[in-house]
Amino acid sequence: MNKQELLNIIKTKITTKIQNFEDLIAETRASSNDTKSSMGDKYETGREMLQQEINNLQRQLNESLNQLAVIQKISTEPSDKVQTGALVKTDKGLFYITVSVGEIISDTQKIMTVSAESPLVKAMLGKKSTEGFVINNIHQKIVDIW
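Numbering-wise (the working numbering), the sequence shown opens with residue 1036 and increments by one.
Think of the hints as simulated: they come from the structure by calculation, not from any bench.
For glycine and all other residues, C-beta sits at the position ideal for the given N, C-alpha and C.
Just so you know, not all the hints are guaranteed correct.
[Unchecked claim] Restraint-style ranges between C-beta atoms, simulated for each label pair:
#: 1; residue 1: N1172; residue 2: R1094; range: 30 to 38 Å
#: 2; residue 1: S1066; residue 2: V1105; range: 27 to 35 Å
#: 3; residue 1: N1172; residue 2: T1063; range: 42 to 50 Å
#: 4; residue 1: G1081; residue 2: P1154; range: 39 to 47 Å
#: 5; residue 1: E1057; residue 2: G1161; range: 32 to 40 Å
#: 6; residue 1: Q1039; residue 2: G1128; range: 16 to 24 Å
#: 7; residue 1: M1084; residue 2: A1158; range: 40 to 48 Å
#: 8; residue 1: D1058; residue 2: M1084; range: 13 to 21 Å
#: 9; residue 1: N1171; residue 2: S1067; range: 43 to 51 Å
[To be verified] Pairs of lysine-lysine residues, derived as DSS-like cross-links and limited to a Cα-Cα distance of at most 25 Å, are as follows:
#: 10; residue 1: K1145; residue 2: K1163
#: 11; residue 1: K1145; residue 2: K1127
#: 12; residue 1: K1157; residue 2: K1038
#: 13; residue 1: K1116; residue 2: K1052
All chains, full assembly: derive it from the sequences and hints.
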């Protein structure tokens, strides 16, 4: 399992997301400038709705930028315990503790990216191979850690 390759996939996903948010913000701002009208209240309401949309997109963009900053600090060195940057195989699945960007398929294996803040990671944090943990009344056993 190549953690550097996985990190590159995650970086690409986040970078694409950032670019999409920046494009949407630019388009929405342009649209806001095009909505000039003499309709009074309707004009102001429309502008306010567009501003709320821009604020929402900006919040999502900032979240993605924060994820990118976190990713750039993650080590690809092997781990012997569950911690940020570890690739953890349990009897229920394969988890990469980085930032949450969903599922990655690598070498026909499904790998879930999970944030260190997630309840799953908090339940297994600091544990070593062969140790077990319980989350949502489901017992899982750590099979391997990279």
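Here is how each hint holds up against the structure:
1. Under the hint 30 to 38 Å, the C-beta atoms of N1172 and R1094, about 34 Å apart, fit the expected range.
2. Taking 27 to 35 Å as the suggested C-beta distance range, the pair S1066 and V1105 conforms, at roughly 32 Å.
3. Distance hint for N1172 and T1063: a CB-CB separation of about 44 Å, consistent with the stated range 42 to 50 Å.
4. Between G1081 and P1154, the C-beta spacing of about 41 Å keeps the proposed range 39 to 47 Å intact.
5. Between E1057 and G1161 the CB atoms are about 38 Å apart, so this pair conforms to the stated range of 32 to 40 Å.
6. Checked against the hint of 16 to 24 Å, the pair Q1039 and G1128 passes, with Cβ atoms roughly 21 Å apart.
7. About 41 Å separates the C-beta atoms of M1084 and A1158, a value consistent with the hinted range of 40 to 48 Å.
8. Here the CB-CB span from D1058 to M1084 is close to 19 Å, well matched to the stated 13 to 21 Å.
9. As the Cβ distance of N1171 to S1067 is approximately 44 Å, the hint placing it in 43 to 51 Å holds.
10. A hinted pair counts as satisfied when its Cα atoms are at most 25 Å apart, and K1145 with K1163 qualifies at roughly 22 Å.
11. The straight-line distance between the Cα atoms of K1145 and K1127 is roughly 11 Å, inside the 25 Å bound, and the hint therefore holds.
12. A C-alpha spacing of about 21 Å is found between K1157 and K1038, which places the hinted pair at or below 25 Å, so the restraint holds.
13. For the proposed pair K1116 and K1052, the alpha carbon gap of about 31 Å is over 25 Å, so the pair is violated.
In terms of the numbered hints stated before, the structure departs from hint 13 and from no other.
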